[in-house]
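Asks: Below are the chains, spelled out letter by letter.
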Amino acid sequence: NAGVTQTPKFRILKIGQSMTLQCAQDMNHNYMYWYRQDPGMGLKLIYYSVGAGITDKGEVPNGYNVSRSTTEDFPLRLELAAPSQTSVYFCASSYSPGNTIYFGEGSWLTVV
Amino acid sequence: GDSVTQMEGPVTLSEEAFLTINCTYTATGYPSLFWYVQYPGEGLQLLLKATKADDKGSNKGFEATYRKETTSFHLEKGSVQVSDSAVYFCALSPPSSGSARQLTFGSGTQLTVLP
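Residue numbers (this note's numbering), protein chains in the order written: chain V, 541 to 652; chain D, -10 to 104.
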């Protein structure tokens, strides 16, 4: 029962470096999401996708990019990492609007 | 825009105590309402949901009732256990509009249950 799988779980980046957070789901879900969770805060939507080849910005997209070349994968790219991007990142997926959203276990990212 | 306001934490209770975590929302129309739970070091898991007014969601002894008149969805449990220690998030999803129904989260309430 893999569900939503995120890698890496932990990462330390230096300011200005780039990296990609990987996300894969095996539930054949159309909708995928990337959220970030800052300490003591709720989750904020970064980007989402309604299907392969289609992505759109969420509430806090600046500094990030995404792609959706397959139904299963939805990587999140951080270009020129900044300390403000220190956060916990969650990938999620759902079959369709209104259905239960399933979350990955999170990726802890620190930018120093 | 849509918003969710949760009771601020942290909340500390003794085992077998009664739990209430308040949640109110602002949204147009009839959103779906959710409670998610996040155990230490894990991702969020759906705890319960309600999709229309007066619906009661329930799971693992937790329950919440969708109150349209007070725009609330308070989480309750009659007798908490140490294993219920976690962060609880209230969330809403707007009525279907043809686009992705994105969740709007509250800030979360940390619950610690002491033995």
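If you are wondering where the hints come from, they were derived from the structure by calculation, not from laboratory data.
One or more of the hints may lead you astray.
Said to hold, decoys possible - Away from chain D, derived, C-beta distances all over 10 Å, residues of chain V: (1) V544; (2) Q557; (3) M581; (4) G582; (5) V600; (6) S607; (7) R608; (8) T610; (9) D613; (10) A632; (11) T640.
What the hints assert, rightly or not - Residues from chain D shown here face chain V by an in silico Cβ test under 8 Å; the list is partial: (12) M(-4); (13) P(-1); (14) V0; (15) S3; (16) Y14; (17) P29; (18) G32; (19) L37; (20) E58; (21) F78; (22) Q91.
For clarity, every value in this text was computed on a predicted model and none was experimentally measured.
Every residue, glycine too, gets a C-beta built ideally from N, C-alpha and C.
Asks: Against the structure, test the hints numbered earlier, and report the numbers of the ones violated in rising order.
Replies: 1, 3, 4, 10, 11, 12, 13, 14, 15, 16, 17, 19 and 20
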